[in-house]
Structures are given as structure tokens and as C-alpha cells.
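Chains as they are written, first to last, in numbering that gives the first Met the number 0: chain A, 0 to 110; chain B, 0 to 810.
Don't take each hint at face value.
[Unchecked claim] Below, a list of computed lysine-lysine pairs in the BS3-like style, where the Cα atoms sit at most 27 Å apart:
1. B:Lys-555 / A:Lys-21
2. B:Lys-613 / A:Lys-47
3. A:Lys-21 / B:Lys-109
4. B:Lys-769 / B:Lys-747
5. A:Lys-47 / B:Lys-87
6. A:Lys-21 / B:Lys-794
7. A:Lys-47 / B:Lys-500
8. B:Lys-109 / A:Lys-47
9. B:Lys-143 / B:Lys-109
10. B:Lys-87 / B:Lys-3
11. A:Lys-21 / B:Lys-604
12. B:Lys-500 / B:Lys-668
13. A:Lys-21 / B:Lys-668
14. B:Lys-794 / B:Lys-584
[As the list claims (entries may be wrong)] Quick look at which bits of chain A chain B covers, simulated, 3 or more residues with Cβ under 8 Å:
15. 27 to 36
16. 41 to 53
17. 60 to 71
18. 76 to 86
[What the hints assert, rightly or not] Quick look at which bits of chain B chain A covers, simulated, 3 or more residues with Cβ under 8 Å:
19. 223 to 233
20. 685 to 692
Don't read these hints as lab results, they were simulated from the structure. Only a predicted model underlies this, so the values are computations on that prediction, with no experimental measurement involved. A virtual CB, placed ideally from N, CA and C, is assigned to each residue, including glycine.
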Amino acid sequence: MSEWIDIAALEDIPQRGARVVKTAEGCVAVFRTASDEVYALDNSCPHKQGPLAEGIVHGASVTCPLHNWVFDLATGEAQGADEGTVATYPARVEAGRVLLDAERLRGRVAA
Amino acid sequence: MTKKLVIIGAGMASGRALEHLLKEDPDWDVTLFNAEPRGNYDRIMLSPVLAGDKSYEDIVIHDSAWYEENGVTCRFGEKVETIDRAAKTVTAANGDVLEYDKLLIGTGSKPFIIPLPGHDLDGVIAYRDLEDTELMMSMTDQNKVVVIGGGLLGLEAAAGMAARGVDVTVVHIMGHLMERQLDEAAGYLLRKALIDKGITVMCSANSKEIVGEDGKVKALMLDDGTELPCDLLVMAVGIRPNVALAEASGIAVGRGIHVDDQMITSDENILAVGECVEHNGAVFGLVAPLYDQAKVVAKTLLGEEATFVQKDLSTKLKVTGCDLFSAGDFAEGEGREDIVFRDPARGVYRRLVLEDNVIVGTVMYGDTADSNWFFGMIKDKTDISDMRETVIFGPAYQGGAPQDPLAAVAALPDDAEICGCNGISKGDIVAAINEGATDLGAIRAETKASGSCGTCTGLVEQVLATTLGDAFVMPTAQPMCGCTDMTHEDVRRMIKSQELKSMAAVMQECGWKTSCGCHVCRPALNYYLLADWPVEYQDDPQSRFINERKHANIQKDGTFSVVPRMWGGITNANELRAIADAADKFDVPTVKVTGGQRIDLLGVKGEDLPAIWKDLNAAGMVSGHAYSKGLRTVKTCVGTDHCRFGTQDSTGLGIKLEKALWGSWTPHKVKLGVSGCPRNCAEATCKDIGIVCVDSGFEIGVGGAAGMDVKEVQAFAKVETEQEVMDVCIAFTQLYREHAKYLDRMYKFIDKFGLEWCQERVIDDLENRKALVDRFELSQSIYRKDPWAEHVEDKAETYQPVANLTLEAAE
Numbered sequence: 000m001s002e003w004i005d006i007a008a009l010e011d012i013p014q015r016g017a018r019v020v021k022t023a024e025g026c027v028a029v030f031r032t033a034s035d036e037v038y039a040l041d042n043s044c045p046h047k048q049g050p051l052a053e054g055i056v057h058g059a060s061v062t063c064p065l066h067n068w069v070f071d072l073a074t075g076e077a078q079g080a081d082e083g084t085v086a087t088y089p090a091r092v093e094a095g096r097v098l099l100d101a102e103r104l105r106g107r108v109a110a
Numbered sequence: 000m001t002k003k004l005v006i007i008g009a010g011m012a013s014g015r016a017l018e019h020l021l022k023e024d025p026d027w028d029v030t031l032f033n034a035e036p037r038g039n040y041d042r043i044m045l046s047p048v049l050a051g052d053k054s055y056e057d058i059v060i061h062d063s064a065w066y067e068e069n070g071v072t073c074r075f076g077e078k079v080e081t082i083d084r085a086a087k088t089v090t091a092a093n094g095d096v097l098e099y100d101k102l103l104i105g106t107g108s109k110p111f112i113i114p115l116p117g118h119d120l121d122g123v124i125a126y127r128d129l130e131d132t133e134l135m136m137s138m139t140d141q142n143k144v145v146v147i148g149g150g151l152l153g154l155e156a157a158a159g160m161a162a163r164g165v166d167v168t169v170v171h172i173m174g175h176l177m178e179r180q181l182d183e184a185a186g187y188l189l190r191k192a193l194i195d196k197g198i199t200v201m202c203s204a205n206s207k208e209i210v211g212e213d214g215k216v217k218a219l220m221l222d223d224g225t226e227l228p229c230d231l232l233v234m235a236v237g238i239r240p241n242v243a244l245a246e247a248s249g250i251a252v253g254r255g256i257h258v259d260d261q262m263i264t265s266d267e268n269i270l271a272v273g274e275c276v277e278h279n280g281a282v283f284g285l286v287a288p289l290y291d292q293a294k295v296v297a298k299t300l301l302g303e304e305a306t307f308v309q310k311d312l313s314t315k316l317k318v319t320g321c322d323l324f325s326a327g328d329f330a331e332g333e334g335r336e337d338i339v340f341r342d343p344a345r346g347v348y349r350r351l352v353l354e355d356n357v358i359v360g361t362v363m364y365g366d367t368a369d370s371n372w373f374f375g376m377i378k379d380k381t382d383i384s385d386m387r388e389t390v391i392f393g394p395a396y397q398g399g400a401p402q403d404p405l406a407a408v409a410a411l412p413d414d415a416e417i418c419g420c421n422g423i424s425k426g427d428i429v430a431a432i433n434e435g436a437t438d439l440g441a442i443r444a445e446t447k448a449s450g451s452c453g454t455c456t457g458l459v460e461q462v463l464a465t466t467l468g469d470a471f472v473m474p475t476a477q478p479m480c481g482c483t484d485m486t487h488e489d490v491r492r493m494i495k496s497q498e499l500k501s502m503a504a505v506m507q508e509c510g511w512k513t514s515c516g517c518h519v520c521r522p523a524l525n526y527y528l529l530a531d532w533p534v535e536y537q538d539d540p541q542s543r544f545i546n547e548r549k550h551a552n553i554q555k556d557g558t559f560s561v562v563p564r565m566w567g568g569i570t571n572a573n574e575l576r577a578i579a580d581a582a583d584k585f586d587v588p589t590v591k592v593t594g595g596q597r598i599d600l601l602g603v604k605g606e607d608l609p610a611i612w613k614d615l616n617a618a619g620m621v622s623g624h625a626y627s628k629g630l631r632t633v634k635t636c637v638g639t640d641h642c643r644f645g646t647q648d649s650t651g652l653g654i655k656l657e658k659a660l661w662g663s664w665t666p667h668k669v670k671l672g673v674s675g676c677p678r679n680c681a682e683a684t685c686k687d688i689g690i691v692c693v694d695s696g697f698e699i700g701v702g703g704a705a706g707m708d709v710k711e712v713q714a715f716a717k718v719e720t721e722q723e724v725m726d727v728c729i730a731f732t733q734l735y736r737e738h739a740k741y742l743d744r745m746y747k748f749i750d751k752f753g754l755e756w757c758q759e760r761v762i763d764d765l766e767n768r769k770a771l772v773d774r775f776e777l778s779q780s781i782y783r784k785d786p787w788a789e790h791v792e793d794k795a796e797t798y799q800p801v802a803n804l805t806l807e808a809a810e
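The shape of chain B in the complex, shown without the other chains (with noise of 0.2 Å):
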């Protein structure tokens, strides 16, 4: 007897299901509903169809002929509006009534619409079926688009429409894209190649509003007020199984529809099959389980024993042109270890994750021609620790002798250019050589050769080693930390020449070998890209020291100290009043005047901080960054004010230096004084920066210090107005800002910078000063701000334990 089968929804994988069933036996009554105007066609496809490299027609998987062949009603453009279990019926929406011995249910997915404010404008459509991509193909080089999501299916719709010159900007919420397939150093380099193509990419970027003009989208509005004016607004932020039906017929739902390892709902007459489903636990986007579940469908609707296994799964993408491939697990966790490989050059990045000396996940970008070595590795959970040292490299590497890098170093041809900044080949680097110049520095001199971006240094270094052979030495050069071989000079020149603008920048293309740092270059590298890129590079509170983190010094108990800033060691009553009420208040078991003519409260626990900063802040008193590396105070004697001897207001003065300089962030602290006269009572004169008033205006000397070195300062310059010593004093900062390494105070800059060098920038090219007080002020734009009062305002919650329990376990 012929069966009748009712299919709702004509997807990829009810249409497998068909396939395998009807090859079986054709015996079959089908009637196919399907919401969408057509039949069966390759929803994975439709990036290439939007892309322009196919048409519709080419990924049509049935079309009318086979459905014709096979028998099936197809009833397209029809919705199923009920299905009645107990009478074995569905109602179709124009009041049929089609009765069934077996339903499969093939709802799919619905793109999932953010409710913000607009959703339902004109022109903010999902990515998911043929009329949205044609909807993307009508626009053209003079439209704007807005793609909100930065997932596969996102980057698609984007890089689809950019190569139609489509001006595609991508709004992405996380921190870095395609954050579940991809670990932030990968998910750099696509942003990257991204950029490349033209599309401008917004990470971190939190959507607020969709804003319309007579019904139709205008602009996307983000929450910090950036405004992206757009003709189309594509949502592609996931997708959620469709169940709206099977929950109204009462059949079990959870995420997705319930199903069995046979396919069966909690109703054994129907079935359900594809992205709808939900089996134990999982729900399912990728195509090979789907294809998995049509075959068991067809198996247990011809009666046939079959069970669905979820394996395994890797993902090997090419968005885009980039080829990614992720797999497993790669998650850091416990007793796992990470090997790294990056090729800045080549823009490759490769991550195993170990445990137990077995592969448990990786990341691959760029180069994924080993994908399935690595994800057989994983599957079949090989043990590698006889292959440990070379299987980043791959297959091809093992069971031989490591590769000698200096090999094929030794093997390129004369022609073949080494430094490509300023085009010198190998052969004139060994000319250079054989004319003496046996080391890298001369080498620089001689030839210009890794002078100027330094990306080709590593590889000067290998010519010099096979030219000159044992008589050749490496240098000893002090690497960051243990995570990189480059020095803190080849990084920042590297952050300055290539622009790189994050962290995960600087650990790709200086080839980290690590994939998050550790606790040495974390801060260096904060420091260095807010420093060189104040305004595009977003400060990193998990990459400072607790002091600069909190904002407070750690005491040796793990309590504070809190140091409220006094411009130029001058308080008041009423600031007195206020500290003196914050240490009855907080308990503050010591009140200590400072050195740098402030007062210190030591003994703060870490979670009143924001509460007595609260109090201070209401007296007017903003954090005195005791605890930075960077302004800390500016040292005064009363000047004209009152002293006999004074002869210039060196009060004020320190005052207008400390108003302008707080808050930057430095190499390390900095210390200013400025005294009236030379008996120099505020001790200016072993201070980073040091002026001295005379007669005839202001003597400035830099390069002091009275800590594990004590040093006088050198004279720098001497200039007759106030406006002078601001300039020279902001230009001087600056320049140790852009130059020094972090951790070395000024005199360190100054010794191995020179005097003269500092001197020819800063006092002798007044447009150099100029620019270097004009850089300043674009930095403290954003930073000359109390994060006292910020802290307050955002952060107080985090000072506070997470969860209290005390409670909890005396019971």
C-alpha cells in the first residue's frame, strides 16, 4: 500500500531525505510544502551567487523535471498552518486539509533579528534566502551597507557586496571576528585581509538604533554616537532553529525541535530533519550532519535500523578568499599547552592546542594545506611528543632532519632582495660584508638594509651568518621577554613603520610565540601602542599592573594606598578637612606626608577604594597617579609668593605644569620640581625634569633621579618666559614618550638617545617642538582625566568580591 508522506519545508536536508528515501522506494505519496516560492536549491552557494560567480540557476540541487521524475506535489509559495496529531493532518494555508501516515518536519532556521529600535525599517533584511541576496545584488559602487555581524555568514554578505564596490562597513560586537571559529591572533589577520578589500570593520562596536526616513533605513547609530549612514542593513548575527509550528502541534521543543538517534519526535508518526532539530543538546548548522540526519530519515521511514552519531566537527572556511580552518577544542585549559607558529611575511598563523602530548584542537589561517594531517591527528588522538618540536610545521616536516634555516638563506640567488624598504638584495649585503661591515649596524650603515620598517632583520642577520661563517657572532641583543626574540627598539620601530595597531597585531607580525603574552611585554606593549596610537588603540586595564589597573598602590598585605593630587604641593583647609574625614571614615591605619609634597593614606582596602575616592572626589581632589608610570608630582618652593630670595612665582609655574602634564602615560614615572631660586629648595635639580628660576628667567635641566641611581640633572636649555619652559617641558615628555623603552627613566632615554640628539628636537627645531607639544595635547585629550571619578562612575562594582559565602558556609 502506498504511504502518504507529508514534507514541510523543501531545505538541503529534507531534500537528502528525499533522495535516499525515494531511491529505496518510490513507492512513496510526497507532497512537498515549501514557504519559499521554490524547491530545493544550495543555500551554502548563495555567496557565490551574490558575489556575482554564479547564478540561481547553477545551484538549484532539484528543479522541476526531478520533482516531476520522482512523483512528488509540490506545493511552493504554501505555508502548513496546523498539523493535527490526532487526526494525522496538516491544514495547509488555503484550508486544505492533507492527511499523512508519516510527517517530516524541515522547518530550518530563522535569521535572528536584534529588536533594536528600527528592526522593522524598509532595508534591514537577514541573510538567508535567494530574495535577501538578490536584495544585496541591487546595490551598487554609489550605495553604503551596514553588515552587522562579523560571523561567516556576515563576512560573506560583505565581501560579496564589496566586490560589487559596494562601500560595506561590518559592525561586530565582539572583540575580534568570527570569535567562535577563531582565536583573536587569527581573527586579527582577517580583519586585515578584510581591510584589504576595501570593507571597514568595526570590532567591539555596540549597535543602539537603526535610524529610518520615511520608513526606510537611513543610518546605523552605535552607542557611542558614531553615526554609518546606509541604503541597506544586513543582520547576520546567527540564527535560531524554526519551531513556531511543531510547538504549536505540542510535539516536544526545546531549542530545536526533540528527535531521537532515529529522527523521531516525542509523536511517532513525525519526523523532523536539519537546522529545526535538536538532538542531545546540540543543534546543527553545518551541512555534514544535516546530510548525516537525511540518510537516518530515510532509513527509519523504510523501516530500516539507524542511529545518528554526532562526530566530531572541524570547520575549513575560505571567506573571502582567506582560507581559515579551526577544529576540536582550542580552548587554553587544564594541562594544555600551546604551540604557535606565525609567518608574519606570508600572513600565517598557526595554533595546536596540546594535552598529554596529544592534539585536542588548532586554528590555521593562511596556510590550511595540512588541515586534515592536523584534524586526522585529532581525531585519531596520535600521540606526538617523538614529532613535538616539528609537527607545526606539518607533515612534510616530519621523519626527516629539522630544516637548517640558514639553508636556504645560503641557497637564494645574489638578485633576490633582502630588505625591501629600500630594495637591497642579497648580493649587495654581501658586497657589504666583504668591504668589512661584519655586523648589523654596519650593515644598516653601509647598505640601509633593515633600517627602516626592520621586518627583514632576522634575515640580515642569517646573511651575515652564512657569509662570514664561525667568525660571524649573533648578536646577544635582550629579547622582550621569553614570548619574542625581538627587542623592545625592533617592536616599537616594528608598531610605528607597520601601523600596527593592536595587540594582537604587534604578536602576529613580530611572531609571538606565545598567543597572549605574559606578564613582561603585556604592559611594554600596552604602553607602546597607546603611546604611538592614542587614538585608535583602545587602553588595556588586563594588561597593566594591578597599581595602574585599581589605580591604587599595593601594600604588601594586599591593601592600598591612596595619594590625592595637591597642584604643586598647595592644599587647603577645606582638602585637609576631607582627607582627614576619608581616614576616620575608611579606618586608614597610616597618614603619611610624601616625599613629593602630598599625603598618602596607606591601608585602604581594595573594595572601599571607590567609595573613598567618591569623597575625596566631592572635595575636588582627583588621583595623585602615585602609583603610575607617569606624572606623578610636580615639586615647588613658595617662589615670589612669600620667600625673600624668591625671584620668580615658581609656584604657579609648577602648578601650570602639573595641570598640563597629568595623567599621560610615560616609559616610567616622571618627577618634576621647579624652584624659585638656585638655593633650589624643591630639590629640582635630581628631578626628571628640573627648572631653576634666575633673574633673567629659567634655567631647565633634565634627566635627574634620586632613587637606585642618584643623578644631577644635565642642563638642557635655558629660556626667559613660562611659555617657553611648558614647551620645552611637554615637547621633552613627548619626545621620551615616543622614543624611550619602557622602564627606562629619563636619564636611561638620555644616555643611550645622547643629549644633542634630545636637544636638536626639542630646542633647536621650534616646528619639531611644535609638533611634538601638538602630539601631547592630542594624547591628553584623551587621557588628562581623573580615572578616580571614572572609576566611580563605571567600575565601582568590580572592586567589590564577585560572591560573598561567608553565609553560605557557616551554615
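Just chain A, with the same shape it has in the complex (with noise of 0.2 Å):
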């Protein structure tokens, strides 16, 4: 059973954007589109740990703003030639706010 909490208002995070959310295990980045979908990753590049929230959000992908690494914010996996996979976590929009799985993000260490 999943559990939603409520992180920001949609409008806390920039389109096109991402803000941080802190938590025991280290950052969540939460994303942004320019649609205003959102999605939450790792903030931090399989390559160099680079933090990913820093980067360009471009339709539904992010460039690390270390070495350029274009992840999917949908499946979290690397694109073009260079290869990894971020860890995704589920993330919704209701009535203006952003939600995530608590869930989910209590259980990273063990997923």
C-alpha cells in the first residue's frame, strides 16, 4: 500500500526544473516538466554521483550538469551510448501539490 505525502506545491518546483527533497538516505530530486509532470529520482548520476536536480530538464529527460549523461525521468535509465539506471520513485500531482510514495522512499536502501 503506498503512501502519499505531501511534499510542495507544484509551483515551489520551476518548470523545466527541480527542487531537493532531503531525507535519511541522502537527496530525492524532484522534477518538473515544461507540461507539469513531475518525477522523482536519485539526485545522483550513476557515472560521477553528479547531482542530476542541477541539471537541464528538457521534455521528459535531464542533463547531468557534470558530464552531460541524459537520463529518462520516466524509467531513470541513461540514453545514447552511455549506460545506467537511476532509481525512479513514484510521484503524482493533486490539486496543485506534489505528492510521493513514503513508501517507497523509506524502503531505498533495501530496493
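Can you join these two chains into the complex? Each is in its own frame, and there are hints to help.
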């Protein structure tokens, strides 16, 4: 059973941008696309741990600010020639609020 | 036995319900109340009435003869004050009490009025009924009108009045028009079409206050201080279900009046229909579902089985002669892909959103002829894998061989115009080719075709290809990125010649293949737009690399480095003390003296940035832009102040240059050096611009570098006064800003354009030098300020985590 927790207002995250949520196990990046979809991924590139929340968001992808790896926000998979996957977490928008699945966030280490 | 039916509200939904009901069973005793002093008319057609294409009589649905024939008792211009559900009566405004067996509520919706100061002034209206329309129709070419709201209703009001010659301004709070129905690209095209009709469109504009005089509206004030004078102000920002009467009677309401699938409210004898209802969480504004509801209402009253089902909706609209269509869900999403087609010449934009090879949403602008076909595929969930390559072109292109674009060009007659700017026909180009011009450059030189705005470059290349056959090799100019086939130079030429002032405009007019670009093109476009249109274009932080978005250099561990500016490399005890205090306070692990004569605080945490900037600001220091494609440092030696060899005040000149140039954005980083004598202690000869002072004046060199390539400056000019040094440096920087490719250092720019080309414009032509300086100053009037102070003020919050779950997770 998922347990949705209210993280922030959608407006708190810039369109084509991201904000970070602190958890006991490290930071999760919450992205908002040009069309107001939200995604939550580990804020760490599998290549050199670059902070993905600081990357440029285009379509439903983000480019890591350190070495330009591009990740699909939905699947967390690296695009193009690079290989690697970032963990993703369920996220959704309801009545203008961004919700994350607390159950999955707590289970981050185990997952 | 005759049953008594009371209907509150004579709108399109209740009117349709009445038609269905009386057709099946004319035995009802119907009383119809309406607050408006008239019966049922077609509200959707108010826009043509406003535009003068139709009269009120044309849009009446039920006239008095109809009501009479059908035995409906009309009480128009009368409100119902209360409903007594226990007694099953309604009380009219004049005190009459009427019994009912069944009550139908069709109170529709109310326009939402933003409670701005002054919203109750005379001349502030909504766009809802005939009275509003008539007021708008009274406006003439002597009047100014402001419309708040860039949705369908607002734009129709604006266009209707503009057609009457009224000076109309649309103020819209969102970044693009009709953001619910259209994406940004289509919104851009719509805006362009409205501007062509003489309507002023202001997006991202926040209304602050309505200014009045003697109780009457005079102007709208925006929160940036802009004042828009107006004689009438139309608020078209949305509608809300009108539930007041129903709520007072105690039946269940949410956003609208709750109804079940049979359109019955929480009271079994009361039904509701139209824009006032809420069904399964949804409220309704388009006419199709309202008419479906009306059918169900009639059946329920007749005691027959019927169920209202919400259907997939599409919106096909004609806003002021512009065709638009949107359907389904066109947001980006999990596993979704875009197919985008743009035809800049025809102003056409189409976007399909695919999920698992099925079209789930679409936005179309300009050409909606195929919209039904696409909508059909959305509803049927058609698998389009077999026609993926061509589906975007519509049904006409399915099943046959893909069209060869060259065939169309080959079929053009000789007198077909290819280059509109210069009036060059296909025949002229073919003739030039036959005389030996076999590539694009030669065609441009011979005929001028594609040499002005560049829009027809692709066509000219196709003429070359069809004329030369295999002998023609398409040029392999490097496109900007995967989103476009155009080069940096092509795009920049388009931005200037077509006056493209927004990213959406560039992407549409240059035929971008993606909906919002990528990390390669967006920073470049952002730079070109702000350099070419400093006043009109708004810098987009989300299109900037992190360093320029957060005004600090990201380090490999995700921390940042902070470098305050030290003008000309000069500092003092106070500044040094503040830097030392900041290093202590924020646990800065590394403090380093840089090669640019200043101090770098390395390893600052992202969330500490605003706080450390605030402390440095307090000591009088500003951002050093050590992170930017912009002016970095002006390195100096001590010159005549202290040095026994110094010939000029190199430190003072360096500080003046830095104060003039700081804050400006450039294609790549720019570093300057000023040495007080030819011994060159400031290493000025390997800077982008280097000044070496001599007894008789100043030697200015350009195009040095000491990075991946090591370059010595090339002698550019020798001048006598400091003012000339300033003007030449500023003018050359502006020339570089206006012409260089994004991420080309100055030396690369000079290699491409030629040193002499630069000298002609900056050294020889004094008028042009002045014009360059003026344009630089215009841009600097916006960008010469400390971004740290601004972020401390407005954006400090965004540097913090948006939420902290460390406690939550520890439980």
C-alpha cells in the first residue's frame, strides 16, 4: 500500500527544473517538466554522482550537470551511448500539490 | 395527471432538456424562471454578435412563439429566491410561492471576477451575457479596452472588439495563451496571429490594481508598474458553477451541484443540468456533454432508464480565424514520445504524443483538417507502429510511398519564386547553376538567393540537388544539435531577420523537431535571444547551465565555489576580513588565490550560497562571475601608482574596464589584461583583449588565450586616450556578442570573420563604433547588476531543499 506524502506546491518547483527533497538516505530530486509532469529520482548520477537536480530539463529528460549524461525521467535510464540507471520513485500531482510515495522513500536502501 | 415542473435558468442545457421532454410527453405543466430578461439563446454565438457577423435575433434558440406553442409559463427577468424542499415549493422574487413535483436547476455558471482593488468600478465587466456583449459593441476606434485573460473567451472578446477598430490589449498571467488547450509552440502561433490583427498581447503579466476616476475605470495597473489606460475592462478569467441557490436549499454541492448518473441531486425530486453540475468530480463548460446531460434529464423525468457518461473530449476551435485543435492528454509523461511537425512558412504546428505506439494526445495549429482522423485514432487506441514515419502528415500520406520532397521542387515552374526577400525565381537559380555556381555560397554570391533572411536556404539546396543530380553533395554544415537541421549561424540569422524574440518563436520558425529543445540548443538560444533582444527577451534560468543558474561554479562533489569580484585585482583589509569570516562561518575547506587576481572559496554547500553572498555583499563585494560565459576578470599590474617602469595608470584603467563590462553575457568567457609597460606583468598578451600601455598611449590586442589553445593577441589598434581604449574594447566586445557562435572564444570568432572585418567595424568606422557602444550600454542597463544580491533578495528559498523528510524517514 503506498502512502502519499505532500512534499510541496507544484509552483515551488520551476517548470523545466527541479528541487531537492532531503531524506535520511540522501537526496531525492523532484523534477517538473514544461507540461507540469513530476518525477522523483535519486539526486545522483551513476557516473560520478553528479547532482541531477541541477541539470537542464528538456522534454521528459534531464542532463547531468557534470558530464552531460542524459536520463529519461520516467525510467531513470541513461540515454544514448551511456549505460546506467537512476532509481525512480512514484510521484504525482494532486490539486496543485506534489506527492511522493513515503513507503518507497523509506525503502530506498533495501530497494 | 399533469405534473408540475419548475425550471430555474433558461440556458442551453435546460432548454435542450425541455425540448426532449415535451416532445415525448407534452402534458407537463412547466414554469421557466430566468434571471436574464429573455429566453434561451445560443451563448456560443455571442462572439459573432460581438464581431458584427450576427445579430441577437439570429442566435435565439427558443422565441416567445415556441414557449407559447409548448405551453411553457415564462417568468423571465425573475429570480427564484428560495427553495423549500420539505414543502416542495419555490419562492419567486416577488413573493409568489409555486409548488413543484419536480424541480430542474440550470443556474449555469458565474464569471469569476478577480478581487483586484477597483474590480467594482463602472466599466469593469465579464463576458457572459448579452448585456456584456452590448457594452463591448458600444466601443469604437476612439476607445481603448483591456481584456484580462488569454483563454478562449478573452481572446474572442478581444478579437471581436479589434474587428471594430478598438485598441485592445490582452493581459494574460500565464506564459502563453490558452495554456489549457495549447502547448507553448501553438500558443506562440496564436499570439502571432492576434498581433497581426493589431491586438496587443502581454503574457506573464500580473494585474495589480484597477485604477478609476469618478467611479469609472481608467486604467489597469500591472505589478511591474506598467499602466494600461482603458475605457472598458473585460475580465474573462474563468467561470464557476453557480451553486448559491442550491447550496442554500441544503442539497449536496462541491465545486458544482452533485448529481448522479441520472442527473438527480441529493434530493430525489430535484435534478440539475448544465454548467452548474458536478458529476464524478468533473464540471463542464463545453456544449457537447451538456446536451448529453439534457437527454438524460428528459429521460429521467419521463421515468425511463438513462445514464450520463463522460466522454473523451476534444477541443476544435476557431479563435478569430485561427484554427486550433487539441485532444487527449498532450503532457509529456512516463514512456511518452513526441512527434512534432512544423511548417514555418504556412504557420502550421502539429504535435502527437505517443505512448506504447498509440496516440494519446495531440495539439494542432493552423491546419486542423485531419483532426477528426487523429481524434479517431486516440479514441480507438490505434496502433500506429506501421505508419510511425508518416503518421504526422495525416491520412493522405498513409499507405503510399513516402513523398520525395525533391519531386515537389523539381515540379516547380521556372518562374516560381524561391527567395522572397530578393525576388529570385527558380529559373534565376537554375541559370546561375548552369553558369557554374554549384554550391550554396556561390548561389548566394551570384543571385543573392537565401542571402538575406535565410528562410529559403533549404529550398535553394533542393534546387541545386534537382539541377545537378548526383553531382550535388548536400553541405555537411554541423547542425546546432539533434533538435534542428539548422546551423548556429542559420538560427542566429533567423533570430535577427525574422525578429524572433522568444524561444517558442525560434523553435517554430526554424522548424525544431522537439517540443522544448535540449541541453545543447537551449543555452545557445537563450544567449542569442538575450544578446539580440536585450529589452524584449526575458532571460530563462531554466535554459542555463547550472553555474549560470546558481551563479557559482559546480565542483565535482556537487559543492560550489564562490569568487567575489576584486576590481582590477585590488582589494583591502575589510574585504579580506569579510572573506576570512565567511570562510570560517561556512566551513570553507579550501581558499585559493586564482590566476585572475582574486580569491576563490571552494567547497561551499549549495544551500549556503545565499547566506555567504549576503555576508560578502555586506562588505561591499559582488559576484565575480567566475562561472559565466561573460566578463571574468581584468588583470592588471600596478602601473604608475608604484612601479618605476609604469607608463600609464594600468590599474585604474583595468578597474574602469571591469566596471563597464561586468555582468554582460558573451558567447564564451572573456578575460582582459592591462599591463603598464611592455614588460607585460599582467600577461595582457594572452587575454581575449589585452592592453599594453606605452609612453605614447595604449596598444590594444585581441584574440589571445591561454587555455586549450594558447594564442598571442593580434595587434588591433593603437590609441592615445583611455576613453578610446574603453570605446574600442566595449565596441569589440559588442561585435563579438552580436556575431560569434555560442561557445566560440574571441580568437575563434576573429578566425571566422577576419581581423580586418572587425577593424573596419570597430576602428575605422567611428559611427559604427558608437552604435556598438550604445547597443552594449542598452544591454548593460539590464544586465550590469549583482546577481548575488538579487538572488539573496528574491530566490534564497530556492536554494534550500523543498522538503526535509529526514525525521519522517527515521520514525
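Okay, the hints, checked on the actual structure:
{"no.": "1", "hint": "B:Lys-555 / A:Lys-21", "result": "holds (20 Å)"}
{"no.": "2", "hint": "B:Lys-613 / A:Lys-47", "result": "violated (31 Å)"}
{"no.": "3", "hint": "A:Lys-21 / B:Lys-109", "result": "violated (43 Å)"}
{"no.": "4", "hint": "B:Lys-769 / B:Lys-747", "result": "holds (24 Å)"}
{"no.": "5", "hint": "A:Lys-47 / B:Lys-87", "result": "violated (73 Å)"}
{"no.": "6", "hint": "A:Lys-21 / B:Lys-794", "result": "holds (19 Å)"}
{"no.": "7", "hint": "A:Lys-47 / B:Lys-500", "result": "violated (37 Å)"}
{"no.": "8", "hint": "B:Lys-109 / A:Lys-47", "result": "violated (56 Å)"}
{"no.": "9", "hint": "B:Lys-143 / B:Lys-109", "result": "holds (25 Å)"}
{"no.": "10", "hint": "B:Lys-87 / B:Lys-3", "result": "holds (11 Å)"}
{"no.": "11", "hint": "A:Lys-21 / B:Lys-604", "result": "holds (14 Å)"}
{"no.": "12", "hint": "B:Lys-500 / B:Lys-668", "result": "holds (24 Å)"}
{"no.": "13", "hint": "A:Lys-21 / B:Lys-668", "result": "violated (34 Å)"}
{"no.": "14", "hint": "B:Lys-794 / B:Lys-584", "result": "holds (21 Å)"}
{"no.": "15", "hint": "27 to 36", "result": "holds (count 6)"}
{"no.": "16", "hint": "41 to 53", "result": "holds (count 5)"}
{"no.": "17", "hint": "60 to 71", "result": "holds (count 6)"}
{"no.": "18", "hint": "76 to 86", "result": "violated (count 0)"}
{"no.": "19", "hint": "223 to 233", "result": "violated (count 0)"}
{"no.": "20", "hint": "685 to 692", "result": "violated (count 0)"}
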